[in-house]
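Colleague: Sequence:
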Amino acid sequence: MDVTSIIDPLNDAQRQAVTAPSQAMLVLAGAGSGKTRVLVHRIAWQIQVLGVSAHSILAVTFTNKAAKEMRGRIEELLNMSAQSMWIGTFHGVAHRLLRRHAKQAKLPETFQVMDSGDQLRLIKRLLATLNLDADKWPPRQVQWYINAQKDEGIRARHMMETGDPYQRQMLIIYKAYEQLCDRSGLVDFAELLLRAHELLRDNPDVLDFYQQRFRQVHVDEFQDTNTIQYAWLRLLTEGKDNIFVVGDDDQSIYGWRGAKIENIYSFQKHYPNHQVIKLEQNYRSTGNILKAANKVISVNDGRMGKELWTDAGDGDLISLYAAFNEQDEAHFVVERIRAWVNEGGLRKDVAILYRSNAQSRQFEERLMTTGTPYRVYGGLRFFERVEIKNALAYLRLMSNRDDDASFERVINTPTRGIGAKTIDDIRNIARDQSLSLWAAAIVLINQRTLSARATNALIGFLELIKRFDGQAEGLELFEKVKLVVEKSGLIELYQKDKADKGEEKVENLEELVNAARLFDASTIGDLEDQENLGELDMFLANATLESGELQGDDFDDCVQLMTLHSAKGLEFKQVFLVGMEEGLFPSQQSVDDVGRLEEERRLCYVGITRAMKQLYLTYAESRRLYGRETYPRPSRFLREIPSEHIQEVRMRATVTRPVTSVKPKAQSLQTEGKYKLGQRVSHAKFGEGVVLQMEGDGAQERVQINFKQVGLKWLILAYAQLDVL
DNA sequence: CCTCAAACATTTTTT
DNA sequence: ATGTTTGAGG
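Residue numbering for the first sequence follows the UniProt record's numbering, starting at 1 and increasing by one per position.
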């Protein structure tokens, strides 16, 4: 038994957590403090020292990536297969439970998982069926409402009429939605969690089985759990307190999608015998970066309280750059990256982090023109592409005729002469007789009310699916996929798509066949699971649950561009935190709500702590946003960083100021007089600022100045006493 | 059935 | 500015 490899690489706090007796444990792990390491070593400790069987380990994460990493690191540390451990996302584990106990969960064996796109389409259709005006009841809002209820564990039947007409209508829709999902055998993401909770709650034998089975339950990113996830964890560990959670209240940035930071506080109430261990030693960043992060986050109220420290020294100061506009900002950032690379730095160690996706464009353009390889995270994932969804819909329909969402998706894709009228008829029959669309289509054919042409087209479609099903018999998974891709007419459809994207879509379909070839069901569950489910269904479920995360190719040396949210959990030697402006970051929608503002601040904390060696903060004094010129003030978060950790960078001399963003009228004036556009000035009352526009002359001459403290002002030059800086 | 233009909205994202 | 959705017309 080699305990040293488990214990030696740990600091005191980490070791204490790893070797603690089996009891409720809350590890408050600051950014870069070795959170995953603690989790991995804790599991290893139990197996190697306490003799716990791998079979009785459960570990839940939020992302597939985190689950994969944890599994890999455990295997590496223990030098054994982690196959029999339940390590997965909340959704993945819930899905596995529901597959195993479909009957007790009151689900058909062939139930399929919908992603949010499928869900939205289903809701749109439902609203149409209910004759509701989509303008008055926006599908997105309905979707949000339903998911919010499910996240809280609330079923339509639990809800009471409040007399509020909005709530009443939502309730009607929610009820109808539940019925439709049941009839079609469809389960959305929130439903997976809710169903899994109900499965354990309502089936004592099932609950007992898993309570016995899992000797220790581990949870990653606990601050991101929502109500139902936490309730599920509590059920599973009831009375045994065998729960080990790792999280950081300061990195809770998903409140807007139902995460309950309060779960950390409730944990201490619900598990009175719990122990709290704080991990505060940071192994990632320099002292200056950590001190800045600590200061920013300390502005928030009601924290558990944590202060990161390092013994690695202060390192470089944080650089602050005030750009003239967003193009100047991009220019500056890319020049710095080029300098970094020239000095031997790797591009993949550099990240540009922004608050909203729209900000990536300017950087992409700049990187493009300088020929710097880069990668943008967060685009459409593979299994979310239309062409892929279409192909999967055929496969789903083969597996489950009642899958209305898939039926509707491909009934006329590619077009085969089944028009809106025919589909409408099918929908009506389905609604009136509570049938699936497939069954309703058969009824419609037998009614003989359709024109011969429409009837033939419809029969043709049904026959096509049946033929697929017949031909697929006995084929390998990838051959089935190939069959559908080739014979559905999708390839032809995209081949004649003259728009540039057609070719790419054909390639993606070929890639889908390839993905099926590589798909190895045995990596998903263990043998018990595979008996319950066909390989095709496993493939389909996996496609939804793991929507094709583009794994960063380690071979490619690319600058990384992503939102602050997707940067959580990652680290980079050099980080650019761009667009540090009021209204952008913190975002406009957050500024007048304390709770949301605090979440923005945590996001800022996350961003700062991504940096290992160098951190650059940038903002623009003028920015084109949604087609309008705006003059934002620097972000309040900048002021929350003590100036002793910051150095201002000025690159005026080397930057060719783009004149294009300035009104032509002002342009003609810019060479005249004492002040130039972009000139830094200081005012006795308003402080420091930048000249943005000038107009008039003589006594009427006015300048528009963007002041750091007070924002935008027009001043009459004759009165204003400005000092040139 | 397809194409084009007007209207529209526009934080953050995983599963 | 830009991408997406909806409606009219070919």
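Where hints are given, some of them may not hold.
Claimed, not checked - Dumping the calculated PhoX-like pairs for lysine-lysine here, alpha-carbon to alpha-carbon at most 25 Å:
| no. | residue 1 | residue 2 |
| --- | --- | --- |
| 1 | 482 | 421 |
| 2 | 306 | 269 |
| 3 | 348 | 65 |
| 4 | 136 | 175 |
| 5 | 65 | 295 |
| 6 | 136 | 106 |
| 7 | 306 | 685 |
| 8 | 573 | 65 |
Unchecked claim - FRET-style restraints, in silico, Cβ to Cβ:
| no. | residue 1 | residue 2 | range |
| --- | --- | --- | --- |
| 9 | 381 | 573 | 22 to 30 Å |
| 10 | 36 | 573 | 36 to 44 Å |
| 11 | 573 | 364 | 51 to 59 Å |
| 12 | 364 | 502 | 17 to 25 Å |
| 13 | 368 | 50 | 49 to 57 Å |
| 14 | 364 | 344 | 21 to 29 Å |
| 15 | 23 | 341 | 20 to 28 Å |
Quick caveat, the hints were computed from the structure, so don't treat them as lab data.
Just so it is clear, CB atoms sit at the ideal spot from N, CA and C, and this is done for glycine as well.
Colleague: CA of residue 136 to CA of residue 106, is that 25 Å or under?
Modeller: violated (34 Å)
Colleague: What's the verdict on residue 482 and residue 421, does the C-alpha distance respect the 25 Å limit or exceed it?
Modeller: This hinted pair is violated, its Cα atoms lying about 32 Å apart.
Colleague: Is 36 to 44 Å a correct range for the gap between the Cβ atoms of residue 36 and residue 573?
Modeller: 19 Å Cβ-Cβ, so the 36 to 44 Å window is violated.
Colleague: Has the given pair, residue 306 with residue 269, been kept, meaning a C-alpha gap of at most 25 Å?
Modeller: holds (20 Å)
Colleague: Looking only at beta-carbon atoms, does the pair residue 364, residue 502 fall within the given range of 17 to 25 Å?
Modeller: holds (24 Å)
Colleague: Given a hinted range of 21 to 29 Å, is it respected by the beta-carbon distance of residue 364 and residue 344?
Modeller: holds (24 Å)
Colleague: Holds or violated: residue 136 with residue 175, Cα cutoff 25 Å?
Modeller: Roughly 18 Å separates the two Cα atoms, so the pair holds.
Colleague: Given the proposed pairing of residue 306 with residue 685, does the C-alpha separation stay at or below 25 Å?
Modeller: violated (38 Å)
Colleague: Between the beta carbons of residue 573 and residue 364, is the distance compatible with 51 to 59 Å?
Modeller: Because 21 Å falls outside the window, the suggested range is violated.
Colleague: Assess, step by step, whether the Cα of residue 573 is no farther than 25 Å from the Cα of residue 65, and give holds or violated.
Modeller: holds (21 Å)
Colleague: Going straight from one Cα to the other, do residue 65 and residue 295 come out at no more than 25 Å?
Modeller: Outside the cut-off at roughly 31 Å; violated.
Colleague: Does the Cβ distance between residue 368 and residue 50 fall inside 49 to 57 Å?
Modeller: holds (55 Å)
Going down the numbered hints, you'll see the structure goes against 1, 5, 6, 7, 10, 11, 15, while the others check out.
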